[in-house]
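S.K.: Same order as they appear, the protein sequences are chains A and B. The first sequence begins at 1 in this note's numbering and counts up one residue at a time. The second sequence begins at 215 in this note's numbering and counts up one residue at a time.
Careful: at least some of the hints might be erroneous.
[As the list claims (entries may be wrong)] Quick list of in silico lysine to aspartate or glutamate cross-link-like pairs, EDC-like style, CA-CA up to 20 Å:
#1 A:Lys110 to A:Glu37
#2 A:Lys192 to B:Asp302
#3 A:Lys6 to B:Glu589
#4 A:Lys186 to A:Glu196
#5 B:Lys477 to B:Glu380
#6 A:Lys119 to B:Glu392
#7 A:Lys6 to B:Glu468
#8 A:Lys119 to A:Glu157
#9 B:Lys477 to B:Asp379
#10 A:Lys6 to B:Glu319
#11 A:Lys192 to A:Glu173
#12 A:Lys119 to B:Asp341
#13 B:Lys371 to B:Asp503
#14 A:Lys119 to A:Glu173
#15 B:Lys242 to A:Glu157
#16 B:Lys371 to B:Asp396
#17 B:Lys385 to B:Glu497
#18 A:Lys119 to A:Asp43
#19 A:Lys6 to A:Asp30
#20 B:Lys477 to B:Glu319
#21 B:Lys538 to B:Asp698
[Claimed, not checked] Restraint ranges, calculated between C-beta atoms of paired labels, are given here:
#22 A:His183 to B:Ala298: 46 to 54 Å
#23 A:His183 to B:Arg411: 44 to 52 Å
#24 B:Leu239 to A:Gly94: 24 to 32 Å
#25 A:Leu34 to B:Asp650: 39 to 47 Å
#26 B:Ala514 to A:Leu122: 36 to 44 Å
#27 A:Leu34 to B:Pro337: 50 to 58 Å
#28 B:Ser530 to A:Met17: 37 to 45 Å
#29 B:Tyr386 to A:Gly94: 48 to 56 Å
Just so you know, the hints here were simulated from the structure itself, not pulled from any lab data. The model shown is predicted, which means the values in this text are computed figures rather than measured ones. The beta-carbon is built from N, C-alpha and C at its ideal position, and this holds for glycine as well.
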Amino acid sequence: MIGRRKIRLYVTVGQRMLRDSLLFQLLLNDEVELVGESETGVDTLNRLGAARPGVLLIEENLQDNDGLTIAESALSLHPSLSVLLISDTPVSTGRLAIYLEAGIKAVVSKHQPVQELMKTLLYIRNGQVYVSARHNAAERMPTALNAYRALSRREQEVALLMASRVPVRDIAEQLGVSCKTVHSYKDRIFVKLGFERLPELILFMHRHQHGATS
Amino acid sequence: MTISGTPAVILRYDQEQDREQFEALFGKDFHVCSFASDQAAMDYLVYARSLAATPETANSPTNLAAIFVLSDRPERCPESVLLAVARDQYPHLLKILLGEAIELELLVSLLDQQLIDRCFEQPANPDLVRSHVLTAALTHREAPYTRATKPIIGQHKPIVLIVDDEPAATKYLARQLELLQDEFRVVCAQSADEALRCVQDEASAIAVVMADQRMPGMHGKELLDELKQSHPAIVRILTSAWGELEVALGAVNEGRIFRYRQKPWQAQELLSLFRQALGHHQELVAERDHSRTQADQQFAELRQQRYARLLARLSSINERTFSKSDIAAFLDLLLTIQTLPASSSHLRASRETTLEQQLEQDFGHLVHQQLEALEPVGQRHPSRQDLEVSLAAATDNEPGSTPTVHTPLSRLCQSLTTLLTASGLRTNQIRINQTDDILSLTTDSPLRMYSHLLAPLTRISRPLLEQQCALLMVYASTLLLGGDVDATGGEQSFRLTLRFANLKPAE
């Protein structure tokens, strides 16, 4: 793909801790550029013009105003903006339809994994609407767990060491193989589990330590 | 068409294993109805239509959203009877081609004949394919509005904007086109930025944009993507001297371009293309204007009903604080605060969800709660110092931890704080002016109100209810304090002035 432009992202999330956590994740992707952030809807509308974002990530429930109303106002001022709405609870199909008609490009709920948010952000970058599968979120974890159980013993061993943050060189030494071999194990593990980054593997291993290793 | 439930799709396949693969990928997302021949698929279309037309079965799972053509010989698609029938008789169905190797010429020709809406090379990203179908199933695709569209005769001719960084070529083409016809003007821009400026300046006159893909700075596809968002009625054509299939597919699937043209340009051929594009533009404009007028009219009715219901509900809550005319004054103020115009999303929210009842109930409940907690008796005619002390106290209150009982003065100050917060303002923006006999209270800048009880709504949120209730409480408590409210609405904002008799404190 030639000349992919960066995603100019503006984030409006009320709570600082949630905003930081999201940004830690989103900014790991070098295609994402943060051009502004706000806690409130009014502040967002005041600063959007100068920040010129391509994507506005905004919470549905803000303290000062309704996030959706703010998004609608932002769209009337900047129609080429792509809005990604974060809802507190999963939205019904009927409500999603209304949001899409209001010009929202996608809705991700706080109940979904953060990977879903990242994926959605990439899909809506060119002004596309993105609707994800209804059933995926619930099935994701068991699937990863099954995939983990299907790994070879060696792969499981490497996954465990990586999740304990053992450097590749040490893993190679410990297993008596070359660094290159460890790297290819690593690639295979990521592909099979559907992960893209080490933090995902670390979290997965910690969360399922007992289930996964049994 | 039902919006809930799983959408159904028709799959026209050639190879059994392709069908199996497709059903494995999308079987959970759609009801897949697979057919190995055009005839069988068309028979099913007729059957599905008859089901939808019968009231008893109208809600059966025939929520058909798309037709997939999964062909091992996509080059035969231009002759597909199924696609032609779908185009002519089932315009709301999304026509999607999935093929192993798609030639650019094939894509261009399918687009010219309007036989497909989306096209993906295999292996396609299932997330994207699924999203296109679910979106089509969710968004209302009413039968295209067909009103005999008259050619625009008026003060200005429509403009065809040609965007290319080679001025020599475009100038020549523009001159040729101007000589060949008298229906439209041709304007040239040498970059996407210049094109965007043109669109800014002459938005209503520009009907068609033809952009070259390869330009320094913003590319043609990006320009067209942006125009699709900002000016959906402008018809978009992408052109290129390079046969980049990737770009063309993206422009079709994401940019919804009208046509794709390979260079070199032929003036005669472009002339007929632009005529078609102008026709399409007029349809889009007519459709847009029609749906705007419809939305306005229909919302005006909804608003009248809502006004009456709210007035009745609020009047029944508490006669001792409020007269019906006070409530009407509040509602009438809201009517003067302009918000965004109504759109189909608002109408759907009002009709297809419990929004209208919920609004009346939740607002009524909140008002009731706050009026109950309001001590009707207390000091009247507050002094400047009373107001200042009480405002400071209201600001210090932690949100949510409001005391159980309010005096009119503390209720007033609490409500003002809520209105200020919703406007991104602070208490120090309140001005208290004092003359010999009047104490007036106002804000430096207008207060914001992006939406209100009588505006088009897509959902009911806590901040909306609280802000609306706060404004009503400003009326209630000011009246209890012996003052009066003067408010005027503006563009998503209003100005508020409260006046109290300035009784000189005994010194």
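S.K.: Does each hint hold? Answer for all of them.
M.R.: Checked hints:
Between the alpha carbons of Lys110 of chain A and Glu37 of chain A the distance comes to roughly 19 Å, so the proposed pair stays at or under 20 Å and holds. Between Lys192 of chain A and Asp302 of chain B, the direct Cα distance comes to roughly 45 Å. Violation of the 20 Å bound is thereby established for this hinted pair. Between Lys6 of chain A and Glu589 of chain B the alpha-carbon distance is near 57 Å, which puts this suggested pair outside the 20 Å criterion. Under the criterion of a C-alpha separation no larger than 20 Å, the hint pairing Lys186 of chain A with Glu196 of chain A is consistent with the structure, at around 11 Å.
At most 20 Å may separate the alpha-carbon atoms for a hinted pair to count; Lys477 of chain B and Glu380 of chain B meet this at roughly 12 Å. This hinted pair does not check out: Lys119 of chain A and Glu392 of chain B have alpha carbons roughly 47 Å apart, beyond 20 Å. Distance hint between Lys6 of chain A and Glu468 of chain B is fulfilled; the C-alpha atoms sit about 17 Å from each other, no more than 20 Å. Taking the CA atoms of Lys119 of chain A and Glu157 of chain A, the gap is near 29 Å; set against the 20 Å cutoff, the hint is violated.
A distance of roughly 14 Å separates the Cα atoms of Lys477 of chain B and Asp379 of chain B; the hinted pair therefore holds under the 20 Å criterion. Taken as a hint, the Lys6 of chain A and Glu319 of chain B pair is broken in the structure, with Cα atoms around 31 Å apart against an allowance of 20 Å. A hinted pair counts as satisfied when its Cα atoms are at most 20 Å apart, and Lys192 of chain A with Glu173 of chain A does not qualify at roughly 24 Å. With a CA separation close to 10 Å, the supplied pair Lys119 of chain A and Asp341 of chain B stays within the 20 Å bound.
Between Lys371 of chain B and Asp503 of chain B, the direct Cα distance comes to roughly 19 Å. Compliance with the 20 Å bound is thereby established for this hinted pair. A hinted pair counts as satisfied when its Cα atoms are at most 20 Å apart, and Lys119 of chain A with Glu173 of chain A does not qualify at roughly 36 Å. Of the supplied pair hints, the one linking Lys242 of chain B and Glu157 of chain A is violated, its CA atoms being roughly 34 Å apart against a limit of 20 Å. As the CA atoms of Lys371 of chain B and Asp396 of chain B are separated by approximately 9 Å, the hinted pair is consistent with the 20 Å bound.
Between Lys385 of chain B and Glu497 of chain B the alpha-carbon distance is near 29 Å, which puts this suggested pair outside the 20 Å criterion. As the CA atoms of Lys119 of chain A and Asp43 of chain A are separated by approximately 27 Å, the hinted pair breaks the 20 Å bound. Between Lys6 of chain A and Asp30 of chain A the alpha-carbon distance is near 8 Å, which keeps this suggested pair within the 20 Å criterion. For a cut-off of 20 Å, the pair hint linking Lys477 of chain B to Glu319 of chain B stands: about 12 Å separates their Cα positions.
For the given pair, Lys538 of chain B sits about 16 Å from Asp698 of chain B by alpha-carbon distance, which is consistent with the 20 Å threshold. Taken as a hint, the range 46 to 54 Å holds for the pair His183 of chain A and Ala298 of chain B, whose Cβ atoms sit roughly 53 Å apart. The hinted window of 44 to 52 Å between His183 of chain A and Arg411 of chain B holds, with their beta carbons roughly 50 Å apart. Hint check: Leu239 of chain B to Gly94 of chain A, Cβ distance near 26 Å, so the stated range 24 to 32 Å holds.
In this structure the hint that Leu34 of chain A and Asp650 of chain B lie 39 to 47 Å apart at CB is violated, the actual value being about 55 Å. The hinted window of 36 to 44 Å between Ala514 of chain B and Leu122 of chain A holds, with their beta carbons roughly 41 Å apart. Range check, Leu34 of chain A to Pro337 of chain B: Cβ separation about 33 Å, and the 50 to 58 Å hint is violated. Between Ser530 of chain B and Met17 of chain A the beta carbon distance is about 44 Å. The supplied range of 37 to 45 Å therefore holds.
Taking 48 to 56 Å as the suggested C-beta distance range, the pair Tyr386 of chain B and Gly94 of chain A conforms, at roughly 54 Å.
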